[in-house]
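Participant: The whole structure should be built from the sequences, with the hints applied where relevant.
There are 2 protein chains.
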Amino acid sequence: MTTPQPTGWQGIQAEVLRRVHAREWPPGHIIPGEVDLAAEFGCARATVNRALQALADAGILERRRKAGTRVAMYPVGRAVLDIPVLRQDIEERGHVYGYRLLEQSIMMPDLVCAQKLGGNTTALHVRAVHLADDAPFVLEDRWINLKTVPHAAEQSFDTLSANEWLLHTVPYTKIDVSLSAQAASEEGADTLRLAPGAPVFTVERTTWDHDDPVTYVTLRYAPGFELHTQIGG
Amino acid sequence: MTTPQPTGWQGIQAEVLRRVHAREWPPGHIIPGEVDLAAEFGCARATVNRALQALADAGILERRRKAGTRVAMYPVGRAVLDIPVLRQDIEERGHVYGYRLLEQSIMMPDLVCAQKLGGNTTALHVRAVHLADDAPFVLEDRWINLKTVPHAAEQSFDTLSANEWLLHTVPYTKIDVSLSAQAASEEGADTLRLAPGAPVFTVERTTWDHDDPVTYVTLRYAPGFELHTQIGG
Numbered sequence: 001m002t003t004p005q006p007t008g009w010q011g012i013q014a015e016v017l018r019r020v021h022a023r024e025w026p027p028g029h030i031i032p033g034e035v036d037l038a039a040e041f042g043c044a045r046a047t048v049n050r051a052l053q054a055l056a057d058a059g060i061l062e063r064r065r066k067a068g069t070r071v072a073m074y075p076v077g078r079a080v081l082d083i084p085v086l087r088q089d090i091e092e093r094g095h096v097y098g099y100r101l102l103e104q105s106i107m108m109p110d111l112v113c114a115q116k117l118g119g120n121t122t123a124l125h126v127r128a129v130h131l132a133d134d135a136p137f138v139l140e141d142r143w144i145n146l147k148t149v150p151h152a153a154e155q156s157f158d159t160l161s162a163n164e165w166l167l168h169t170v171p172y173t174k175i176d177v178s179l180s181a182q183a184a185s186e187e188g189a190d191t192l193r194l195a196p197g198a199p200v201f202t203v204e205r206t207t208w209d210h211d212d213p214v215t216y217v218t219l220r221y222a223p224g225f226e227l228h229t230q231i232g233g
Numbered sequence: 001m002t003t004p005q006p007t008g009w010q011g012i013q014a015e016v017l018r019r020v021h022a023r024e025w026p027p028g029h030i031i032p033g034e035v036d037l038a039a040e041f042g043c044a045r046a047t048v049n050r051a052l053q054a055l056a057d058a059g060i061l062e063r064r065r066k067a068g069t070r071v072a073m074y075p076v077g078r079a080v081l082d083i084p085v086l087r088q089d090i091e092e093r094g095h096v097y098g099y100r101l102l103e104q105s106i107m108m109p110d111l112v113c114a115q116k117l118g119g120n121t122t123a124l125h126v127r128a129v130h131l132a133d134d135a136p137f138v139l140e141d142r143w144i145n146l147k148t149v150p151h152a153a154e155q156s157f158d159t160l161s162a163n164e165w166l167l168h169t170v171p172y173t174k175i176d177v178s179l180s181a182q183a184a185s186e187e188g189a190d191t192l193r194l195a196p197g198a199p200v201f202t203v204e205r206t207t208w209d210h211d212d213p214v215t216y217v218t219l220r221y222a223p224g225f226e227l228h229t230q231i232g233g
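The listed protein sequences correspond, in order, to chains A and B.
Just so we're aligned, residue 1 is where the first sequence starts under the UniProt record's numbering, counting upward by one.
Just so we're aligned, residue 1 is where the second sequence starts under the UniProt record's numbering, counting upward by one.
Mixed in with the good hints there might be a few duds.
The list makes no distinction among identical chains, and a pair is therefore deemed to hold if it is satisfied within one copy or across any two copies.
Below, simulated SDA-like cross-link-like pairs (lysine to any residue); rule was C-alpha separation at most 20 Å, straight line [unchecked claim]: (1) Lys174 - Pro27; (2) Lys174 - Leu81; (3) Lys174 - Leu146; (4) Lys174 - Ala79; (5) Lys174 - Phe225; (6) Lys174 - Asp82; (7) Lys174 - Ala22; (8) Lys174 - Pro223; (9) Lys66 - Asp211.
Quick caveat, the hints were computed from the structure, so don't treat them as lab data.
Quick caveat, the model's predicted, so the values are computed rather than measured.
Facilitator: Written out as structure tokens, the structure is:
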């Protein structure tokens, strides 16, 4: 099998990254110049430049005006993290999906949520549990900004989750994700059938459509949950 | 500002993904045919085909022989997760980095580790703690396959961590990553100065060079640790 020639700046970026990870170009190695790489890849020098600049921004290459471009001493690895619909994630793990709405109400968010939602605004608060084979799998605690998504106020989330409805309906241009391990609060512990203080894998996400905050959600997973990803392979 | 024309199949993939996330092409939407997209992007039809196929493989598009290509009803989001050198991660969070080796010994791995390292093999076991401003930040519990990396046996990790040495020295082509929340064991709790049972953000990674397992590491983070990433923005 012949490896196809990489195309476009992202293709060249991927090929350079592969060489760095495979240590064909080890840490500290001075890589060929842009002109030589452009000849090798059969593309414009500007295309090579764009690829190398993106890798320099990511801390994988170091560019010096006179000394050329070298591989960073400790190049960072990059993995892709999928952010799936909860229902699909549960089904893909081989379970029967279930859903139960716990609470839906329009209210003023507390201080932390108000900050995430971009200042004081009325918000829709939705709490629900997603089940795998009838056992709680993840607790969804969500705030939806009603200034950005006013029609959420007329929506009922008693059968379709806010997670699915939003992904299906509302555009976004940016999501911030934060992963942590937290001790179960009394309330969360009760829903997930845990002892208070038990370790809970926690995902916090804030979603924007351009500059408008759409939603802030905290997902608390039941014990045994693992999030998998990989680099290369 | 004019958006530059996307180039290469990865560039077209990124542009299609942007349209899906921004809901310019909403869930269920039938997107233009390959010929039209090739004309729009000024590239070969095969390039468009490769981009669309990659997005279909990722569950973002659905391709049907006669009905054309449409956006999946619940397209998945994808974020990039950086896997940094621990020292750099700690320094980038604004702390003074410290390091202390706890144990380094050649031994037969236990059953779980042996499986990760591809069967029975002698391995180098290294335990160390990485400090931020003199406080434990993350506990590194690592097994290095001495069949794949025999020269690790002559290396001392009392000042340079195995994490840095491996990233600096040993090639890899694949890393599996698993993230979870676990209760602190008595041993880990002691090093991280936690109460046993406290929630610990845990990263498990297995690294291969082609088919040869290189290393299996468990990282246990002190309380308050958060892993950040984002989509778009």
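Participant: Look at each hint and say if it fits the structure.
Facilitator: How the hints compare with the structure:
Taking the closest pair of Cα atoms, Lys174 and Pro27 come within 20 Å of each other only across two copies (17 Å); inside a single copy the shortest separation is 33 Å, beyond that limit. For the identical chains of this complex, Lys174 and Leu81 are neighbours both inside a copy (15 Å) and across copies (15 Å), given an alpha-carbon limit of 20 Å. Proximity of Lys174 and Leu146 under a CA criterion of 20 Å is satisfied intra-copy only: 18 Å inside one chain copy versus 44 Å between copies. Taking the shortest Cα distances, Lys174 and Ala79 sit within 20 Å of each other both inside one copy (18 Å) and across copies (10 Å).
For a Cα distance limit of 20 Å, the shortest separation of Lys174 from Phe225 qualifies neither inside one copy, at 26 Å, nor across copies, at 23 Å. In the homo-oligomer, the alpha carbons of Lys174 and Asp82 lie at most 20 Å apart both inside one protomer (14 Å) and across protomers (17 Å), since each shortest distance falls under that limit. Proximity of Lys174 to Ala22 under the C-alpha cut-off of 20 Å is restricted to the inter-copy arrangement: shortest distance 9 Å between copies versus 32 Å within a copy. In this assembly of identical chains, the alpha carbons of Lys174 and Pro223 never lie at most 20 Å apart, being 29 Å within a copy and 27 Å across copies at closest.
Proximity of Lys66 to Asp211 under the C-alpha cut-off of 20 Å is found in neither arrangement, the shortest distances being 40 Å within a copy and 39 Å between copies.
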